[in-house]
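Participant: This is what each chain is made of:
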Amino acid sequence: MREKIARHDMPCQDPVTRARNFEEVALGYSEETAIAEAKRCLQCKKSLCVTGCPVEVQIPEFIRRIAEGDFAAAGEVLKQKNSLPAVCGRVCPQESQCESKCVLGIKDEPVAIGRLERFAADYQLARGKSKVTIPAPSGKRIAIIGGGPAGLTCAGDLAKSGHAVTVFEALHVAGGVLMYGIPQFRLPKEVVQSEIENLRDMGVEIKVDYVVGKITSVDELMATGYDAVFLGTGAGLPNFMGIPGENLNGVYSANEFLTRTNLMKAYRFPDYATPVKVGKRVAVLGAGNVAMDSARTSLRLGAEEVYIVYRRSRTEMPARHEEVEHAEEEGVQLMLLTNPTRISGDERSWVHSMTCLCHELGEPDESGRRSPVAIPGSEFELAVDTVIVAIGQGPNPLVTKSTPGLELNKRGNIIVDQETMETSKPGVFAGGDIVTGAATVILAMGAGKKAAAAINDYLKNK
Amino acid sequence: MYKIVKRRQLAPSIVLFEVEAPEVAKKVEPGQFVIVRHDEKGERIPLTVMDFDRIRGTITIVVQDVGYSSAIINQTQEGSAFLDFVGPLGVPTEIEKYGTVVCIGGGLGIAPVFPIARGLKEAGNQVISVLGSRSAELLILEEEMCSVSHEVVIATNDGSAGVQGFVTDGLAHILQQGKKIDAVWAIGPIVMMKAVAEFTRPLGIKTIVSMNPIMVDGTGMCGACRVSVGTETKFACVDGPEFDGHLVDFDLAMKRLEYFKDEENRARARLQCSHEGGNH
Ligand SMILES: Cc1cc2nc3c(=O)[nH]c(=O)nc-3n(C[C@H](O)[C@H](O)[C@H](O)COP(=O)(O)OP(=O)(O)OC[C@H]3O[C@@H](n4cnc5c(N)ncnc54)[C@H](O)[C@@H]3O)c2cc1C
Ligand code: FES
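Protein sequences, first through last, are from chains R and H. The first sequence begins at 1 in the working numbering and counts up one residue at a time. The second sequence begins at 1 in the working numbering and counts up one residue at a time.
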């Protein structure tokens, strides 16, 4: 019998302190803890955990290397399948993926796969660059539109096959949501940029400030000698509620609020020139990761009371468990089964309150979740001076509208062959949030990987 | 990096830059804008394009020093470069043959009106331009506007050039001559665009304005640039920046420009400069 060891917690900054700074919240395992946690792994022959990973990281193998103390080797194993392991170790919803399949989890707690991934990836980043062997050029050129996790993963895999890959990115840096959306305290931007540096070392060219659909089109790229195109433009179009008062000052989309803070570093204003303004009482609408990030960012920018306003109940909240836990520890208050109906402002057009309606759970809807039903007469006023709308994002139409022959669904997402990620337009592949709607980093990476394999086949047969 | 090949001071606090950006220059059309970031710590600043040269591969922008970031941009010298220069963004002006068109530029707004007037003239329209500014000293691009217009009317608030008054007085002057106007473009401070739209509304003259809200990405990703047009909320960076002036909620637009006023003042205090207006 193996001795039963409890899952190791990851040390975190103290909630009171961290709620006022932008330093990373979770501090990562020490070498000793990592080895101890790695030793919990049963090294199952039939590794179910791998089936739970959209990019099929060889989980038992990298964990075994950690247990043996060969951290660099563990990092190499990760890199074989995952081009952004330091990112994934921090932001993947492991509880519903690899860790949900861990045999230990049946009776006990699963191995902390995500934390170990982070540990090994960080070890490798800290040790500096690993040797990259650049394969012989294939003579093929591929254009990747969008430098988020989907595009970057696809780019990395194609570069490994010797193709000349160019990533076209609309913003001034690559990384997508990893740079503009997910906050510094959860995913340090330096980590993202080192992972991107690794891709550059592999020969991937990254062209920033390049809005495809404006400066050029997919057809023009193909006409100028790109043999295949991958579209990974993400879900970058913020949804609003469509309630009165949404254009008042003090109302942000989560995208704007987070972009100002993360991408433009407004938390360091005026050293950085982009401002962001947060009041004393903030309502964040929605309960996904984006909402949690907005709420926790508000606290760090000096808000006193921060509410998550969500029309369903706690069990339906789509955010990662850890994010909700961290948000609550830091003092974010959940206002569940509540939906805003109007935002009101003062004579200067600044938000001063929000009218809300209480709800109760009714019958399950198509998504299987019990749908909220308004309770008549339950209206109340919530005094707030900032409202952040985090109720989801749709697909940005800049590329899709400028690309004839691309089949879209009624929401505007690109339709692809699920196996090959090929679109209705020959030679054009797509993946990530632009196909699935707002989802997760790892699903976007999985799609980028699948597409890279399919593009390889396509180029062989071309 | 995007090299500045020419820098010309047009008026106190107004500077013209010709910038090397060949790929943008190949595609840009009148009415579109670019986003400029001066340096690593800089803001992304939207600026409407004044001119472009597809052969030289350059774009010309005109910048008024109205706050911290525009002041930094305006201090940049010929031969140096901007870190980021993104474009062309927004929807181009609908250039077609309307008949007689009036192109109104107020203050810095004369710069973005220039390529529109030129385009409209080339499309066979009779182009009358109305240029407005506070005083003769602040009047920019008069010569350039003359070269792309059949007739130019100037209005200054203090009467130091042209007629004394506002651009709407210039417009009234044209109507008094019995001319039939088929469409109006008006670009300038929001109060000016609102005044023009109110002037033309009862006359039923199609009036296009170019909005310059606060922006961040300029690609439809953040919604900072929301403008209320009729019953709809539009994103100026992707749906505009030009809209039907009779449908735009100018009062809201004006208030939204005040969103970060306190922060702007804080940043500007560092530079100790103070000028009025907004950039186009
Ligand atoms: C605040 C926030 C927190 C999140 N937290 C988590 C989390 O904890 N865990 C998790 O798994 N997922 C999380 N997600 C979701 C996850 O980030 C996304 O699912 C993932 O980034 C999608 O990857 P992508 O490559 O498809 O798109 P994106 O990351 O959106 O990247 C798309 C890129 O394409 C660029 N682009 C768009 N249009 C053009 C164009 N016309 N030309 C050139 N470039 C263009 C964009 O600028 C962007 O860089 C979060 C999302 C947000 C917004
Ligand atoms: S500037 Fe961000 S959507 Fe227009």
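To be clear, the hints were calculated from the coordinates, so they are not data collected in a lab. Predicted model only: the values in this text are computed from it and were never measured. In this text, a Cβ means the ideal position worked out from N, Cα and C, and glycines have one as well. Honestly, I wouldn't trust all of these hints.
Stated by the list, open to error - With beta-carbon atoms standing in for the labels, derived distance ranges:
(1) H:D251 / R:E379: 23 to 33 Å
(2) R:N409 / H:A269: 48 to 58 Å
(3) R:S378 / H:E232: 25 to 35 Å
(4) R:K410 / H:G204: 33 to 43 Å
What the hints assert, rightly or not - Cβ-to-Cβ under 10 Å is the rule here; a few derived chain R residues that face chain H:
(5) Y180
(6) I215
(7) G242
(8) E246
(9) N247
(10) T259
(11) R260
(12) L263
(13) W350
(14) D385
(15) V389
(16) Q393
(17) L398
Participant: All hints, please: hold or fail.
Facilitator: How the hints compare with the structure:
| no. | hint | in the structure |
| --- | --- | --- |
| 1 | H:D251 / R:E379: 23 to 33 Å | holds, 28 Å |
| 2 | R:N409 / H:A269: 48 to 58 Å | holds, 51 Å |
| 3 | R:S378 / H:E232: 25 to 35 Å | holds, 30 Å |
| 4 | R:K410 / H:G204: 33 to 43 Å | holds, 38 Å |
| 5 | Y180 | holds, 8 Å |
| 6 | I215 | holds, 5 Å |
| 7 | G242 | holds, 9 Å |
| 8 | E246 | holds, 7 Å |
| 9 | N247 | holds, 5 Å |
| 10 | T259 | holds, 5 Å |
| 11 | R260 | holds, 6 Å |
| 12 | L263 | holds, 8 Å |
| 13 | W350 | holds, 9 Å |
| 14 | D385 | violated, 13 Å |
| 15 | V389 | holds, 8 Å |
| 16 | Q393 | holds, 9 Å |
| 17 | L398 | holds, 6 Å |
Of the hints listed earlier, the one the structure fails to meet is number 14.
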